[in-house]
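Chains as they are written, first to last, in my numbering: chain V, 33 to 448; chain C, 33 to 448.
For the record, the hints were derived by calculation from the structure and aren't laboratory data.
Where hints are given, some of them may not hold.
Where chains are identical, the list cannot tell them apart; a pair therefore holds if satisfied intra-copy or between any two copies.
Unchecked claim - Derived lysine-lysine pairs resembling DSS-like cross-links, with alpha carbons at most 27 Å apart:
#, residue 1, residue 2
1, LYS88, LYS142
2, LYS298, LYS88
3, LYS46, LYS188
4, LYS385, LYS200
5, LYS188, LYS142
6, LYS188, LYS88
7, LYS303, LYS188
8, LYS143, LYS437
9, LYS385, LYS95
10, LYS303, LYS88
11, LYS366, LYS342
12, LYS342, LYS95
Protein chains: 2
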Amino acid sequence: MSNEYLTNLGVRAKAAARELRALGPGERNAILEASAEALLSAAADITRENARDMEKAEASGVKPAFLDRLRLTEARIRDMAEGLRGLSALPDPLGETEGRTLPNGLIISKKRVPIGVAAVIYEARPNVTSDVFGICLKTGNACVLRGGGDAFLTSKIIVELFRAVIEKHGKNPDAVQVVTDLSRESAVALTRLNGLIDVVIPRGGAGLINAVLQNATVPVIETGAGNCHVYVDESADFTMARDIIINAKTQRPSVCNAAETLIIHKGILEKFMPFIAGALMERGVEIRADEAARAACGGLLPASEEDFYKEYNDLIIAVKTAAGLDDAIAHIEKYSTRHSEAIITENYAAAQKFLNEVDSAAVYVNASTRFTDGGCFGLGAEIGISTQKLHARGPMGLREMTTTKYVIYGGGQIRE
Amino acid sequence: MSNEYLTNLGVRAKAAARELRALGPGERNAILEASAEALLSAAADITRENARDMEKAEASGVKPAFLDRLRLTEARIRDMAEGLRGLSALPDPLGETEGRTLPNGLIISKKRVPIGVAAVIYEARPNVTSDVFGICLKTGNACVLRGGGDAFLTSKIIVELFRAVIEKHGKNPDAVQVVTDLSRESAVALTRLNGLIDVVIPRGGAGLINAVLQNATVPVIETGAGNCHVYVDESADFTMARDIIINAKTQRPSVCNAAETLIIHKGILEKFMPFIAGALMERGVEIRADEAARAACGGLLPASEEDFYKEYNDLIIAVKTAAGLDDAIAHIEKYSTRHSEAIITENYAAAQKFLNEVDSAAVYVNASTRFTDGGCFGLGAEIGISTQKLHARGPMGLREMTTTKYVIYGGGQIRE
């Protein structure tokens with residue numbers, strides 16, 4: 033457990049966090065703007081390092097989709113810079129206070145302050161390096177970034193640019209650090225640096241998140257696991273249901289707010305199943321259905337119990353037949369990762385019951401689950417989508433990267 | 033890790049939580065009122081079971097202070113009942129919504145809802161059993177209570193009373209359950225029931241909290257470790273400083289918001305040290321001081337490095353001499369558990385700097401640290417004092433036992 037390298041990195045992050053707490057919004061925003069500038073000016077250097085990462089990854093035989101996530105084009109670098117500028121333009125999330133005077137004269141208020149040091153563990157998307165840095169700096173937090181090894185050179189040069197900008201502004205560059213020891217042991221040790229790191233945010237697949245959860249002693253925010261359901265109620269408008277299901281499943285199947293299971297009320301199964309199956313198959317979606325749904329529509333693969341637990345992140349959808357609304361809710365209660373679920377219905381009571389009883393971060397009536405996103409919800413930025421119930425639930429914006437402290441002004445009060 | 037007993041208990045708690053989500057404030061308050069009534073009616077049975085616990089504890093040779101915490105008198109049972117009635121009278125923390133209409137017509141709101149299932153692990157104070165049940169029921173959460181073995185019979189009869197009340201109201205009594213397997217393994221297994229338990233709250237000493245932190249995979253809220261500091265600045269009013277220090281150290285030394293270390297500006301050490309030492313020793317406080325403070329005042333014991341980390345919970349105080357405000361803040365940064373700290377000063381700039389730079393749950397100017405308490409802060413009830421930064425910081429009231437979910441009303445919207 034004694035990892036000198038990581039402890040040293042944590043100590044430096046904590047010292048930087050102490051300095052960051054003292055920066056005003058003007059200083060933080062100036063660093064964000066200059067960081068955006070630095071990305072644009074160094075675009076050629078970044079793409080060169082990225083090409084080296086790509087080469088190595090390609091040689092190791094990864095899938096094209098993986099390579100695509102890893103690739104940084106000039107356009108993507110411009111997006112990253114735009115992201116930092118957008119953060120600079122957002123209202124300051126810090127310093128807001130709310131309080132009152134107690135009968136004994138104490139003036140007590142809750143003040144919004146940075147959390148301190150955030151460690152973010154992620155996989156191969158290099159834009160995350162820039163996004164996480166930006167959100168952390170905007171919220172006055174130091175960050176320790178542990179990206180996937182495949183994007184290492186890309187992340188490293190991006191972080192070096194940011195550190196140089198911070199130094200040029202006369203501030204402590206340890207506000208952003210990248211972990212260079214990419215062993216599994218180091219990842220585990222990072223999540224056990226209590227007293228140095230205040231929160232660990234794993235961004236990635238269920239495997240990564242679970243590994244962090246099993247080992248961390250620092251508080252963790254679970255993000256991103258999305259086994260999302262769309263339930264088509266007996267009274268649903270078929271066309272609306274079809275459009276929403278197609279959107280939720282196919283608009284971007286690799287993301288966490290895409291639908292993975294379709295639940296259909298048995299009363300409409302005979303009519304709706306062939307209708308939706310045709311539309312899905314037209315778009316190349318593989319359907320894995322339960323017995324009743326297969327009986328209602330030929331040519332569907334069988335769904336196993338396991339299928340209902342799966343986050344496919346692919347053009348595959350599981351279909352479950354529900355005896356009614358209660359059965360649909362019970363299915364979601366059992367299999368869902370509590371991310372986003374939708375009901376398609378024209379029945380008012382069914383809509384309200386679904387919203388009240390389904391225990392997920394976002395519950396929808398007659399809309400696509402794809403809207404669960406910091407941008408769509410108007411948060412301006414997003415560091416992840418929390419599927420846990422403590423601290424943050426659903427898309428995490430700037431406010432979710434802050435905490436509060438009680439500030440109390442007295443005049444000699446003591447407790448009786 | 034496969035503990036059938038606990039898994040079963042978790043499954044039942046989760047089912048009860050699902051039913052609790054559907055209860056309105058009237059139903060929850062009626063159960064609280066009836067539970068208070070039940071405690072009063074069964075006072076004789078409770079004290080009889082408590083006497084059996086006391087006998088066993090006494091035979092095992094525990095300290096008188098421990099026995100005092102374990103003892104339930106009729107007056108204490110009345111206090112517990114009053115606590116439940118007080119909860120019933122508080123405003124409902126659930127159901128509040130906050131939202132807006134997005135440009136695409138989606139009506140999105142954040143709704144305050146119960147967390148689900150809370151597991152609370154505590155030591156020998158039987159009133160905690162009643163307090164935790166009350167707060168959890170008021171906030172629509174099911175609770176799993178694992179109290180200390182010494183108070184087992186007392187806790188058991190209290191929970192049986194509550195379960196009978198819930199059943200009489202036609203609701204699921206598994207809203208409150210007591211863990212009867214009190215092995216260490218069972219405590220660990222309880223904190224790893226992800227998917228069944230939503231939050232673990234350890235209430236007790238540093239040993240208990242640390243054991244939970246090291247093993248839990250369910251999110252934990254750290255509570256109660258309090259190494260609180262009072263810093264006496266160069267410009268402090270000596271009389272005010274003395275009164276605050278005496279209050280913070282001696283009014284109730286066993287609690288987490290009592291002061292454990294006194295930091296004195298070196299410019300006033302010669303005069304202030306003998307003044308405060310006299311006042312503290314008069315009240316039986318042992319003083320463990322650094323070199324400079326001992327030179328300024330005869331008869332003080334030496335403080336070791338270890339002393340500055342200690343939460344004495346006793347009539348002992350450590351004294352540190354600070355070269356100035358920055359040195360005082362650095363000392364707190366290094367040794368504090370981030371609970372509550374106070375500065376005594378007449379200097380405006382020093383007060384503001386202390387409030388801004390000290391990173392603790394509650395920071396005070398010219399007041400006793402003893403005020404960090406849900407009751408004093410006007411929360412109406414308190415389930416613990418969080419010393420971590422996520423979800424809740426400082427005294428945790430009803431609101432801190434809730435979470436939110438996004439509720440979205442659409443009309444067929446899909447994402448472009």
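Checked hints:
Proximity of LYS88 to LYS142 under the C-alpha cut-off of 27 Å is found in neither arrangement, the shortest distances being 50 Å within a copy and 45 Å between copies. Proximity of LYS298 to LYS88 under the C-alpha cut-off of 27 Å is found in neither arrangement, the shortest distances being 51 Å within a copy and 60 Å between copies. In the homo-oligomer, the alpha carbons of LYS46 and LYS188 lie at most 27 Å apart inside one protomer (20 Å), although the nearest pairing across protomers, at 45 Å, exceeds that limit. Taking the shortest Cα distances, LYS385 and LYS200 sit within 27 Å of each other only across copies (26 Å), while inside one copy they are farther apart (56 Å).
When the C-alpha separation of LYS188 and LYS142 is checked against a cutoff of 27 Å, the pair qualifies neither within a copy, at 38 Å, nor between copies, at 38 Å. Taking the closest pair of Cα atoms, LYS188 and LYS88 come within 27 Å of each other only inside a single copy of the chain (16 Å); across copies the shortest separation is 62 Å, beyond that limit. With identical chains, the CA atoms of LYS303 and LYS188 are never at most 27 Å apart, being 55 Å at best within one copy and 55 Å at best between copies. In this assembly of identical chains, LYS143 and LYS437 lie within 27 Å of each other by CA distance both inside one copy and across copies; the values are 5 Å within and 24 Å between.
Taking identical chains as interchangeable, the C-alpha atoms of LYS385 and LYS95 are never at most 27 Å apart, the minima being 43 Å within one chain and 54 Å between chains. Proximity of LYS303 to LYS88 under the C-alpha cut-off of 27 Å is found in neither arrangement, the shortest distances being 51 Å within a copy and 70 Å between copies. For a Cα distance limit of 27 Å, the shortest separation of LYS366 from LYS342 inside one copy, 12 Å, qualifies, whereas the shortest one across copies, 46 Å, does not. When the C-alpha separation of LYS342 and LYS95 is checked against a cutoff of 27 Å, the pair qualifies only within one copy, where the shortest distance is 21 Å, while the shortest distance between copies is 55 Å.
Of the numbered hints listed earlier, those contradicted by the structure are 1, 2, 5, 7, 9 and 10.
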